[in-house]
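Visitor: Work out the full structure: start from the sequences and follow the hints.
Residue numbers (my numbering), protein chains in the order written: chain A, 76 to 161; chain B, 498 to 723.
Quick caveat, the hints were computed from the structure, so don't treat them as lab data. As the structure is a computational prediction, the values presented were derived from the model and not from experiment. Treat the hints with care, since some could be wrong.
With a straight-line Cα cutoff of 27 Å, these simulated DSSO-like cross-link-like pairs (lysine-lysine) come out [what the hints assert, rightly or not]:
(1) B/Lys610 - B/Lys674
(2) B/Lys570 - B/Lys681
(3) B/Lys706 - B/Lys674
(4) B/Lys570 - B/Lys656
(5) B/Lys648 - B/Lys620
(6) A/Lys153 - B/Lys655
(7) B/Lys649 - B/Lys620
(8) B/Lys656 - B/Lys674
(9) B/Lys655 - B/Lys674
(10) B/Lys649 - B/Lys570
(11) B/Lys648 - A/Lys88
(12) B/Lys681 - B/Lys571
(13) B/Lys649 - B/Lys523
(14) A/Lys153 - B/Lys649
(15) A/Lys88 - A/Lys128
(16) A/Lys153 - A/Lys130
(17) A/Lys88 - B/Lys706
(18) A/Lys106 - A/Lys119
(19) B/Lys575 - B/Lys674
(20) B/Lys620 - B/Lys571
(21) B/Lys655 - A/Lys88
(22) B/Lys571 - B/Lys656
(23) B/Lys570 - B/Lys620
(24) B/Lys571 - B/Lys628
(25) B/Lys628 - B/Lys674
(26) B/Lys610 - A/Lys114
(27) B/Lys523 - B/Lys674
(28) B/Lys681 - B/Lys649
(29) B/Lys620 - B/Lys575
(30) A/Lys153 - B/Lys674
(31) A/Lys88 - A/Lys135
(32) B/Lys681 - A/Lys88
(33) B/Lys717 - A/Lys119
(34) A/Lys153 - B/Lys648
(35) B/Lys649 - A/Lys88
(36) B/Lys656 - A/Lys88
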Amino acid sequence: MPSFLVSVIIENKPEIVDPEGDTILNDLILKDKKTSVKKIRSAKMLRFQIEAKSKELAEKAVMDLCNEFRIYNPLVSKVSVDTSQI
Amino acid sequence: MRVAVIVFPGSNCDRDMHHVLTDVFKLESQLVWHTDNLPNNIDAIVLPGGFSYGDRLRAGVIAAHSPVIAEVKKMAEKGMPILGVCNGFQILTESGLLPGALLKNTSLSYICKWTEIIVKNNKTPFTNRFKPNQRIPIAIANGEGRYYADKKTLESLKKNNQIVFAYAEDINGATMKIAGICNKEGNVVGMMPHPERSAEQILNPSDAKPASLIFESLLKTLGVTA
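Guide: This is the structure in structure tokens:
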């Protein structure tokens, strides 16, 4: 059975203030006066190593778990996944 | 009258709550481990503060999957008074018993200080001894205490009189300075400040009487006092 690394990225929805991202931008990155960075959003990433028949099935299995166990709070967070075979 | 104080791995205000309920307000309270069944014939439930599971993933989310929470939900449906304080409030939101979410404070700091909250709903089992807009000097101690609700949820909270406590000042970026809310039925209340640290005069640098009314409201609800 193939093995996959499914990275689940959890970040606050755009309308929610992200003081960590704002602090990194305003108090660190923007100290470089020449930077063109306009925005930073912080996020949490969880990597799931999972065996599955396909990439799609691996992602579905992980997302089912994320939804069942409220790995992210749907009220405040959005998730995205990035999967690679290992 | 018996009150169950639920203990999760990482709870650290359970014994303070047990002391206040038992020694100060003369209620029979019992510490209940989160994997145990709720005792029979309890009249109220308290989810105390602390750092269940070390706040891993998000404050309260792992405890919200504890076996006892299914029983707490059944008691909530039956109308039993349930109070969640700080981490207990976070667990109530993560378990779906209360709407909204508790996010990291805007300052990203752990805030531990005395503050003042205002009673916005004096009809709940934990606020029925208060006058409307009465102020309560009270302790807060949290890192993830910024209450957040989206526009739809906020409208529902206002419509159903579910905002129970508001901070007198904006201390953490909470939506509408919300410090505590209840469910639509009013029997489940969650609050970030700590009444158990504030209801004895020896602990409170200001006036402990208002905070003690939270427990005296419960006594009234349970028919112990008028």
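Visitor: Hints first: check each against the structure and report whether it holds.
Guide: Now the hints, each set against the structure:
Among the hinted pairs, B/Lys610 with B/Lys674 is consistent with the structure: their alpha-carbon atoms are about 16 Å apart, no more than 27 Å. For the proposed pair B/Lys570 and B/Lys681, the alpha carbon gap of about 14 Å is at most 27 Å, so the pair holds. Distance check on the hinted pair: B/Lys706 and B/Lys674 sit about 23 Å apart at the alpha-carbon level, within 27 Å; holds. About 23 Å separates the Cα atoms of B/Lys570 and B/Lys656, which keeps this hinted pair within 27 Å; it holds.
The straight-line distance between the Cα atoms of B/Lys648 and B/Lys620 is roughly 24 Å, inside the 27 Å bound, and the hint therefore holds. The straight-line distance between the Cα atoms of A/Lys153 and B/Lys655 is roughly 26 Å, inside the 27 Å bound, and the hint therefore holds. A hinted pair counts as satisfied when its Cα atoms are at most 27 Å apart, and B/Lys649 with B/Lys620 qualifies at roughly 23 Å. For the hint pairing B/Lys656 with B/Lys674, the CA-to-CA distance comes to about 17 Å; that is within 27 Å, so the pair holds.
Between B/Lys655 and B/Lys674 the CA atoms are separated by roughly 13 Å; this keeps the pair inside 27 Å, and the hint holds. The hinted pair formed by B/Lys649 and B/Lys570 meets the criterion: a straight-line CA distance of about 24 Å does not exceed 27 Å. Taken as a hint, the B/Lys648 and A/Lys88 pair is honoured in the structure, with Cα atoms around 13 Å apart against an allowance of 27 Å. A hinted pair counts as satisfied when its Cα atoms are at most 27 Å apart, and B/Lys681 with B/Lys571 qualifies at roughly 16 Å.
For the proposed pair B/Lys649 and B/Lys523, the alpha carbon gap of about 41 Å is over 27 Å, so the pair is violated. Between A/Lys153 and B/Lys649 the alpha-carbon distance is near 18 Å, which keeps this suggested pair within the 27 Å criterion. About 32 Å separates the Cα atoms of A/Lys88 and A/Lys128, which puts this hinted pair outside 27 Å; it is violated. For the given pair, A/Lys153 sits about 21 Å from A/Lys130 by alpha-carbon distance, which is consistent with the 27 Å threshold.
Of the pairs offered as hints, the one joining A/Lys88 and B/Lys706 is violated, with about 41 Å between alpha carbons and a cut-off of 27 Å exceeded. Among the hinted pairs, A/Lys106 with A/Lys119 is consistent with the structure: their alpha-carbon atoms are about 25 Å apart, no more than 27 Å. Restraint check for B/Lys575 and B/Lys674: not satisfied, since their Cα atoms lie roughly 30 Å apart, outside the 27 Å limit. Pair hint B/Lys620 plus B/Lys571 holds up; C-alpha atoms about 22 Å apart against a cutoff of 27 Å.
Of the supplied pair hints, the one linking B/Lys655 and A/Lys88 holds, its CA atoms being roughly 23 Å apart against a limit of 27 Å. A C-alpha spacing of about 25 Å is found between B/Lys571 and B/Lys656, which places the hinted pair at or below 27 Å, so the restraint holds. In summary, the hint linking B/Lys570 to B/Lys620 is supported, as the alpha carbons are separated by about 21 Å, within the 27 Å threshold. In summary, the hint linking B/Lys571 to B/Lys628 is not supported, as the alpha carbons are separated by about 31 Å, beyond the 27 Å threshold.
Simply put, B/Lys628 and B/Lys674 have alpha-carbon atoms about 19 Å apart, close enough for the 27 Å limit, and the pair holds. About 33 Å separates the Cα atoms of B/Lys610 and A/Lys114, which puts this hinted pair outside 27 Å; it is violated. A C-alpha spacing of about 33 Å is found between B/Lys523 and B/Lys674, which places the hinted pair above 27 Å, so the restraint is violated. The suggested pairing of B/Lys681 with B/Lys649 holds, with an alpha-carbon distance near 14 Å, which does not exceed 27 Å.
Restraint check: the Cα-Cα separation between B/Lys620 and B/Lys575 comes to about 18 Å, which is no more than 27 Å; the hinted pair holds. Between the alpha carbons of A/Lys153 and B/Lys674 the distance comes to roughly 24 Å, so the proposed pair stays at or under 27 Å and holds. Note on A/Lys88 and A/Lys135: the hinted pairing holds, with a Cα-Cα distance of about 22 Å set against a maximum of 27 Å. Restraint check: the Cα-Cα separation between B/Lys681 and A/Lys88 comes to about 26 Å, which is no more than 27 Å; the hinted pair holds.
Under the criterion of a C-alpha separation no larger than 27 Å, the hint pairing B/Lys717 with A/Lys119 is inconsistent with the structure, at around 45 Å. Between A/Lys153 and B/Lys648 the CA atoms are separated by roughly 17 Å; this keeps the pair inside 27 Å, and the hint holds. The straight-line distance between the Cα atoms of B/Lys649 and A/Lys88 is roughly 15 Å, inside the 27 Å bound, and the hint therefore holds. For the proposed pair B/Lys656 and A/Lys88, the alpha carbon gap of about 25 Å is at most 27 Å, so the pair holds.
The structure fails to meet hints 13, 15, 17, 19, 24, 26, 27, 33 from the earlier list, while all remaining hints are met.
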